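Undergrad: Read top to bottom, the protein sequences are chains B and E. Counting from 1, one number per residue, gives the positions in the first sequence under our numbering. Counting from 1, one number per residue, gives the positions in the second sequence under our numbering.
Simulated from the structure, these hints should not be mistaken for laboratory data. Everything numeric in this text was worked out from a predicted model, so none of it was measured. Where a beta carbon is used, it is the ideal one built from N, C-alpha and C, also for glycine. Careful: at least some of the hints might be erroneous.
[Unchecked claim] Straight-line alpha carbon distances no greater than 35 Å define the calculated DSBU-like cross-link-like pairs of lysine-lysine that follow: (1) K256/E / K146/E; (2) K318/E / K364/E; (3) K172/B / K256/E; (4) K173/B / K256/E.
[Claimed, not checked] Computed beta-carbon distance windows for the label pairs: (5) M1/E / K170/B: 21 to 29 Å; (6) R296/B / Q212/E: 25 to 33 Å; (7) D457/E / R213/B: 55 to 63 Å; (8) S203/B / S129/E: 47 to 55 Å; (9) E454/E / N291/B: 22 to 30 Å.
[To be verified] A short list of chain E residues far from chain B (calculated; beta carbon distances all over 12 Å): (10) T130; (11) E180; (12) G206; (13) A253.
The primary structure of each chain is shown beneath.
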Amino acid sequence: MSITRRTFLKDAGLLIGLLGLQPVALAEVAEALELLATGRAPVLWLQGQACSGCSVSLLNSESPSPADLLTRYLSLYFHQTLAAATGVAAQGCLEQALKEERRILVVEGAVPAGMPHACMLGEESFNDLLLRSARGAQAVVNVGSCACFGGIPGGEENQTGAVGVSSFLKGKKVQTPQFSLPGCPVHPAWIVGTLMQLVRGGSLPTDELGRPRAFYGGLLHDQCPFFAKYQVQEFARHPGDKGCLFKLGCQGPITHADCSLRGWNGGVNWCVRAGGVCVGCARPEFAQHKNYPFYRFNEGETEGSSS
Amino acid sequence: MTRMVIDPITRIEGHLRIDTENQGGEIVDAWSRGEMFRGFEAVLTGRDPFDAPVITQRICGVCPVSHGIASCEALENAFAIEIPENARLQRNLILGANFIASHLTHFYQLSALDFIRIESLLDYRGSNSTLNHLKGWAEQEISSRKILPVAPFLPHLEGDYPKDQKWNIQALEHYLQSLEIRKESHKMAALFGGKMPHTATLVAGGVTSSVQADVVENFRTRLLRVRQFVDDVYLPDVQRAAELFPAYRRMGAGVKSYLSFGVFDENGHDFLPSGFLNEGQLHSLDLSLIREGTRYSRYRDGAPKHPSVGVTEPDPEKEGGYSWLKAPRYGGSACEVGPLARLLIAAHHNVFPLTQQLRRLGWKEAELNSVMGRHLARALETAWIARRMEEWLDRLRGGEATVSSYGPSLSGQGEGLIEAPRGALGHWIHVEKGRIRRYQCIVPSTWNFSPAGEKGDKGPVETALIGTSVARESQGLEAARVVRSFDPCIACAIH
């Protein structure tokens, strides 16, 4: 059974739903999938100061499924966690992938700008490898908050001078267009949707931080099921309480992401529905400042006594 | 004597390099080198203590739940917070689901390609539509002018892959099926955890999600599907791999000192108990015996310290420092941690019927200390935990509290000890004036992938590599098989 136009149209239909696009776009998305599948958009995936959470999240993709992603949509030329090749063979793949000019570079993890020895691959610093890979790529897609903005490795008083990819590449004469998909981890639909749109060529409207508006255009709070509770000021005061979590520290009102509409893990749940505050994991400021706690019930009492 | 460098070791979590010295077709010395440092402990210092479960889960995208729970337990220990029964059960269920996802991913996505001849796919003549799709894809790739056809499945290192066509094909099919099953187990974790990876509901004092009957049954349905795969597919696949690679039922023998902190709290008793098993003798844990050294690590030197007073001061170009991992020791011993350690310790406590299970499967207990022994222990444990999870589900009580109430907490010292999928995990916290003054973690892969200790004594994986037979033209396949049997998570190990 080979890949037919019909299969593409079927999968494209699922993606349309995923992306919130008009059905008119069906033919265009099918074409995009076909471009990916025939290997016209090879993907090189690099991991810097990462936890692999974004790679794990990609494997949670619903439609297309992870197996379909690997065998139909992505030409995954190099991925440290999935590549059969190891050692010299893996380095060979990496160098081959770098010769491919149409490559899309996906980056997971922060860049230890202040301590290149903090991330090494094949005796080369990740910093140098990243620069080589970004130059001449068709696009750079930063997945997860670490790659976008530094994330936890880039938090206040970190020891490695960790930054996001865009900060690192700034002033290094890299002309490649960059896209940022923050989140801790990134949602699989945000990666898949972005890659699909990318190969269509430039039809991916983004904001000033390079975030695709399709996923990051609205505030979590605006579509939150607790919005009505917020309006009547019915607030939870302790974790596990009923009510809107705003007073506990929920960052839904300042976080741009579509979690409240999309849900996580195939829509079975998401943070706020499960009673957890939104920790703002998709915000550029996520985990950056030590005086900005995620839960605020310990606050007040601490402010006077800490120095 | 020839030097072999395997860098990077792929199909693991994180950045690992292995150097070996080989002589007469055998590895005679080995160095395990962790290559990525982030410095979580410094990022945690000075924060509100209740941030810790959110931050520390992000140490690892593969086993976030164990970090989240260890961190909650450290806070509860520091501030004398009790947790309700519903919270204990929900934590066990979220963690159990994380164990299943982690173990399945480890065998199929990370390890199996070492034991499959992928090219067999091109000879497939059957009628399975998934496999025919895969074959069609591979043929199309090979006939295309792509630089790397059939990536990420090819190329792979040359080696002794099996000729058994049935195994090769079936294992590939199961590789694809397991992707769906591991996703199911993430959905289970998300039902009580909010999302995976990196859950939202683990807080000091409990779990924020309430107990709803529909969610419980949603979880149960998925669990049944997962259990079926574990019992009918995963366990038989590990058995078949062990039959096809009998040499690996001996190779990769480790240090024979095993450590477990115990996990799955059932009202004060761990379903999988703690202990230190040394040369076949079981001892109860004495945590004061733990020390972490840095002699061969890329940190400033100092006497080995207990984690409650540990420090993390990077020295990236330190002479003689060959890894970003510290070197933990228990009473001076390097210890193997993980599913094998847990099952051996549970068997010594008479709470796991190891002898009976091994007899049924045709294994000798001595064979467990090997590459295939570790794979088998992981599979047996997955089945054992998955079965128990139904009982935890039954004990959940709708309408009852899932979080205890407590006031602001400004000072204290605590430890959170648990088992992650890869082994013993400890978090140590010191809080002063409502801020974290010190935070230290010793993570399972820190134990297993430890560099040499103060006296030059090798870490467990280094020890397991020594004596491994390697083909003359080897580029590291045999060594990689040994390394992967420990399920490395290097982001965790260094953090």
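Undergrad: Please go over all the hints and tell whether each is borne out by the structure.
TA: Results of checking the hints against the structure:
Between the alpha carbons of K256/E and K146/E the distance comes to roughly 48 Å, so the proposed pair goes past 35 Å and is violated. For the hint pairing K318/E with K364/E, the CA-to-CA distance comes to about 45 Å; that exceeds 35 Å, so the pair is violated. In summary, the hint linking K172/B to K256/E is not supported, as the alpha carbons are separated by about 51 Å, beyond the 35 Å threshold. Under the criterion of a C-alpha separation no larger than 35 Å, the hint pairing K173/B with K256/E is inconsistent with the structure, at around 54 Å.
One distance hint, 21 to 29 Å for the beta-carbon pair M1/E and K170/B, is violated here, with the actual separation near 47 Å. A C-beta distance of roughly 27 Å is found between R296/B and Q212/E, which places it inside the suggested range of 25 to 33 Å. The hint said 55 to 63 Å for the Cβ distance between D457/E and R213/B, and at roughly 57 Å that hint holds. Between S203/B and S129/E the C-beta distance comes to about 34 Å, which lies outside the given range of 47 to 55 Å.
For E454/E paired with N291/B, a C-beta distance near 39 Å fails the hint of 22 to 30 Å. Its beta-carbon lying about 8 Å from the closest one in chain B, T130/E breaks the requirement of being farther than 12 Å from that chain. Some Cβ of chain B comes within 12 Å of the Cβ of E180/E; the nearest lies about 7 Å off, and the non-interface call is violated. With a least beta-carbon separation of about 6 Å from chain B, G206/E fails to lie farther than 12 Å from that chain, contradicting its non-interface assignment.
Non-interface status of A253/E relative to chain B is upheld: no Cβ of that chain comes within 12 Å, the nearest being about 22 Å off.
Taken one by one, the earlier hints fail for this structure at numbers 1, 2, 3, 4, 5, 8, 9, 10, 11, 12, listed in ascending order.
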